[in-house]
Amino acid sequence: APIADPAGGLTDEDRAQLSREMARFTKATNLRLFFAHVDGQRTPGRALASRWALHSLSGEDGVVVLLDRSRADGSTLHFNLGVSASTQAPVEFWERFSGIYGSRSLTADTPPGTTLQAVTKALI
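Just so you know, we're using the numbering used here here: the sequence shown kicks off at 25 and counts up by one.
Please keep in mind that the hints were generated in silico from the structure rather than gathered at the bench.
Keep in mind that this is a model prediction, so the values were computed, not measured.
Do not take every clue at face value.
[Unchecked claim] Here are the computed lysine to any residue pairs in the SDA-like style, where the Cα-Cα straight-line distance is at most 20 Å:
(1) K51 - S108
(2) K51 - T144
(3) K145 - T50
(4) K145 - T53
(5) K145 - L34
(6) K51 - L34
(7) K145 - I27
(8) K51 - L147
(9) K51 - Q141
With the hints as constraints, model all of the structure from the sequences given.
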């Protein structure tokens, strides 16, 4: 499934809305979008990217959006890019996007589903 929530917090409604937004993203970009709401101390995000085989030419291609509120550095939003995604937008774009939408001040009091939906809408 393209939505993983090992940290807990996504509701059924969140999952349904995210699925709709993911379909819109795929239609607009020809890339798959994957979401992971993780607790980095228990769930390494790179393991999820590997599970979806994003860095393999034979695997899925797209963008993994990681929301991890457990990070001490205050940066809560990260991206793992597949082959096509990394060529369609430079790494600097993803770094800036992460800085804008992933600051702890923006995500601390916002439910995870709302944060991920805002990210998806901004990407489209």
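(message) With the threshold set at 20 Å, check whether the alpha-carbon distance from K145 to I27 stays at or below it.
(response) 16 Å, holds
(message) Given the hinted pair K145 and L34, is their Cα-Cα distance within 20 Å?
(response) Status holds; Cα separation ~17 Å.
(request) Please work out if K51 and Q141 have their alpha carbons no farther apart than 20 Å. (result) 16 Å, holds
(request) Assess, step by step, whether the Cα of K145 is no farther than 20 Å from the Cα of T50, and give holds or violated. (result) Between K145 and T50 the Cα gap is close to 12 Å, so the pair holds against 20 Å.
(message) Next pair to validate is K51 with L147; report whether the Cα-Cα distance is within 20 Å.
(response) Within the cut-off at roughly 12 Å; holds.
(message) With the threshold set at 20 Å, check whether the alpha-carbon distance from K145 to T53 stays at or below it.
(response) 13 Å, holds
(message) Just to be careful, I want the Cα atoms of K51 and L34 compared with a cutoff of 20 Å; is the pair within it?
(response) At roughly 24 Å apart (the allowed maximum being 20 Å), L34 and K51 break the hint.
(request) Please work out if K51 and T144 have their alpha carbons no farther apart than 20 Å. (result) The hint holds at about 13 Å.
(request) With a cut-off of 20 Å on the C-alpha distance, tell me whether K51 and S108 pass. (result) Status holds; Cα separation ~15 Å.
Hint compliance for this structure: hint 6 alone is broken.
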